[in-house]
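J.: These are the residues of each chain, in order.
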Amino acid sequence: MIEIKQLTKIFEDERAVEDVSLTVHKGSIFGLLGSNGAGKTTLLKTMAGVYRADKGEVLLEGQPVYENPQSKQRMIFLADQPYFFAQTSIQQMAVFYRAIYPHWDEQRFQQMAQAFASIPLKRKLHRLSKGMQRQASLWLALSCKPDILILDEPIDGLDPVMRRQVKNLLFQEVADREMTVVISSHNLREIEDMCDHVGIMHQGRLLIEKELDDLKAASHKIQIAFRDPRHEQAISGLLDILHKEERGSVGTYIIKGTVERITEVVQTYQPYVFDVLPMTLEEIFIYEMGDAGYDVQPLLL
Amino acid sequence: MFELDVRSRKPIYEQLMDKIKEMILYGILKPDEQLPSVRTLSGQLTVNPNTIQKAYRELEREGYIYSQAGKGSFVAPSQQQPGAAQLAEMKERLLKLFAEAIYLGFTKSDIEKLYQQTMEEQERGKSSD
Chain A
4 MIEIKQLTKI FEDERAVEDV SLTVHKGSIF GLLGSNGAGK TTLLKTMAGV YRADKGEVLL
64 EGQPVYENPQ SKQRMIFLAD QPYFFAQTSI QQMAVFYRAI YPHWDEQRFQ QMAQAFASIP
124 LKRKLHRLSK GMQRQASLWL ALSCKPDILI LDEPIDGLDP VMRRQVKNLL FQEVADREMT
184 VVISSHNLRE IEDMCDHVGI MHQGRLLIEK ELDDLKAASH KIQIAFRDPR HEQAISGLLD
244 ILHKEERGSV GTYIIKGTVE RITEVVQTYQ PYVFDVLPMT LEEIFIYEMG DAGYDVQPLL
304 L
Chain B
49 MFELDVRSRK PIYEQLMDKI KEMILYGILK PDEQLPSVRT LSGQLTVNPN TIQKAYRELE
109 REGYIYSQAG KGSFVAPSQQ QPGAAQLAEM KERLLKLFAE AIYLGFTKSD IEKLYQQTME
169 EQERGKSSD
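Protein chains in written order, with this note's numbering: chain A, 4 to 304; chain B, 49 to 177.
Hints in this document: simulated from the structure, not taken from any laboratory. The C-beta atom is built at its ideal place from N, Cα and C for all residues, glycine as well. Be aware that one or more of the hints could be misleading.
No farther apart than 25 Å at their CA atoms in a straight line, the calculated lysine-lysine pairs in the DSS-like style are these [stated by the list, open to error]:
| # | chain 1 | residue 1 | chain 2 | residue 2 |
| --- | --- | --- | --- | --- |
| 1 | B | K139 | A | K224 |
| 2 | A | K247 | B | K58 |
| 3 | B | K69 | B | K139 |
| 4 | B | K144 | A | K224 |
| 5 | B | K58 | A | K213 |
| 6 | B | K119 | B | K67 |
| 7 | A | K29 | B | K119 |
| 8 | A | K213 | A | K224 |
| 9 | A | K259 | A | K224 |
| 10 | A | K224 | B | K58 |
Computed beta-carbon distance windows for the label pairs [what the hints assert, rightly or not]:
| # | chain 1 | residue 1 | chain 2 | residue 2 | range |
| --- | --- | --- | --- | --- | --- |
| 11 | A | P123 | B | E140 | 55 to 63 Å |
| 12 | A | Y297 | B | Y74 | 45 to 53 Å |
| 13 | A | Y297 | B | P79 | 49 to 57 Å |
| 14 | A | R101 | B | Y74 | 50 to 58 Å |
| 15 | B | L135 | A | I13 | 54 to 62 Å |
| 16 | A | I13 | B | F50 | 46 to 54 Å |
| 17 | A | T271 | B | E106 | 25 to 33 Å |
| 18 | A | F14 | B | K58 | 37 to 45 Å |
Generate the whole structure from the sequences, applying the supplied hints.
T.: If you want it as structure tokens, here you go:
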């Protein structure tokens with residue numbers, strides 16, 4: 004379990020992360036989303052003990068992470084830019100990782116060669132493409148058998164086959180030994196398929212932190228064609244409408260609340276058309292960001 | 049064994065529950081038959097194991113399956129009394145479908161025939177146990 008308590012990280016006078024509290028449970032896959040420059044990478048790096056917190060703390064199973072080898076040997080942080088020593092091959096990097104991480108599993112490393120077959124064991128890593136370097140860093144990370152794996156935009160840059168391969172490898176570790184995964188990405192579809200919990204950040208703050216299914220069930224997209232325009236007024240008094248769009252006689256609404264509650268209220272007016280759709284993560288993201296004052300500007304050039 | 053639609057708006061655990069329920073109702077999964085382990089299914093479908101765990105947990109709560117510690121999950125012998133919410137939801141769905149069918153020109157006897165057909169298929173599924 005990772006506990007983050009009132010964490011603040013300041014760079015000069017820039018508050019990159021401000022008063023963030025968050026708990027990631029053991030064995031869960033946590034997706035961190037956010038606008039550009041929201042502080043995701045800073046949060047991840049502070050979680051991994053790369054940065055020192057200015058206020059608050061990060062605890063791994065109750066122990067601090069920063070400058071604590073006991074905690075750090077159990078976690079791996081994969082930065083958005085893979086880093087390898089100059090002139091090394093994957094084999095040479097493996098020797099280094101084996102020396103640093105006590106839980107390194109040589110057999111696992113050999114077995115995974117099959118999954119990452121496109122990476123030659125002896126070729127210099129800096130000569131490989133971006134996607135292959137990313138694969139190499141995942142290969143090394145998973146061979147260390149970490150309890151916590153922190154991934155900063157890991158999937159971007161992998162082809163669909165490898166993406167599936169990597170996901171399967173991660174899921175296996177989660178199923179077998181309850182590895183905890185924290186993952187940031189802009190690719191919301193990817194996060195939606197992978198994670199069970201999500202957090203949304205904006206301007207250094209954590210706007211939402213929830214189980215993905217609960218988040219999706221908390222608001223709904225609804226299409227209604229009313230029998231009488233006055234019915235719409237009546238409904239807006241009873242339900243919490245976040246957003247509304249009208250096309251002809253059919254209105255699309257984003258409403259906070261459970262399906263049961265919304266259906267109960269709307270059905271009393273017997274509309275011509277009534278459809279409740281679950282929200283996609285992308286829609287949730289856009290509406291929540293809109294609430295926080297961050298939305299698409301109607302700019303035409 | 050399952051096909052999931054990751055593009056669908058429906059949560060994956062609900063899709064999974066629907067598929068398993070369907071397989072139990074049509075007799076593809078027999079009573080006391082073991083369901084694939086969370087790990088196996090996660091690998092086959094590339095779905096987060098926690099999501100599969102959740103689907104199994106919900107199915108157990110609804111009485112479709114039971115689990116034995118250390119052994120796995122199994123299909124429950126007989127369907128218990130369905131909950132009121134389940135019945136209401138089914139009614140809602142049927143009403144919508146009937147409305148559409150009537151609009152498309154289905155008659156009462158057409159719908160009765162379909163009902164008959166479904167019953168016969170279920171009987172056949174059960175007798176091949």
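J.: Now tell me, hint by hint, if it's right for this structure.
T.: Comparing the hints with the structure gives:
Of the supplied pair hints, the one linking K139/B and K224/A holds, its CA atoms being roughly 22 Å apart against a limit of 25 Å. For the proposed pair K247/A and K58/B, the alpha carbon gap of about 22 Å is at most 25 Å, so the pair holds. The straight-line distance between the Cα atoms of K69/B and K139/B is roughly 17 Å, inside the 25 Å bound, and the hint therefore holds. Between K144/B and K224/A, the direct Cα distance comes to roughly 19 Å. Compliance with the 25 Å bound is thereby established for this hinted pair.
Restraint check for K58/B and K213/A: satisfied, since their Cα atoms lie roughly 18 Å apart, inside the 25 Å limit. The straight-line distance between the Cα atoms of K119/B and K67/B is roughly 22 Å, inside the 25 Å bound, and the hint therefore holds. A distance of roughly 23 Å separates the Cα atoms of K29/A and K119/B; the hinted pair therefore holds under the 25 Å criterion. Proposed proximity of K213/A and K224/A is supported: the alpha carbons are some 19 Å apart, at most 25 Å.
Proximity of K259/A to K224/A is assessed by CA-CA distance (about 9 Å); at most 25 Å being required, the pair is judged to hold. With a C-alpha separation of about 12 Å, the suggested pairing of K224/A with K58/B holds against the 25 Å cut-off. Judged by the Cβ atoms, the range 55 to 63 Å given for P123/A and E140/B holds: they are separated by roughly 58 Å. Between Y297/A and Y74/B the beta carbons are some 48 Å apart, a value that agrees with the proposed interval 45 to 53 Å.
Separation of Y297/A from P79/B is about 53 Å and conforms to the stated range, judged on CB atoms against 49 to 57 Å. Taking 50 to 58 Å as the suggested C-beta distance range, the pair R101/A and Y74/B conforms, at roughly 52 Å. The hint said 54 to 62 Å for the Cβ distance between L135/B and I13/A, and at roughly 57 Å that hint holds. Range check, I13/A to F50/B: about 49 Å between beta-carbon atoms, so the 46 to 54 Å window is met.
Separation of T271/A from E106/B is about 30 Å and conforms to the stated range, judged on CB atoms against 25 to 33 Å. The hinted window of 37 to 45 Å between F14/A and K58/B holds, with their beta carbons roughly 42 Å apart.
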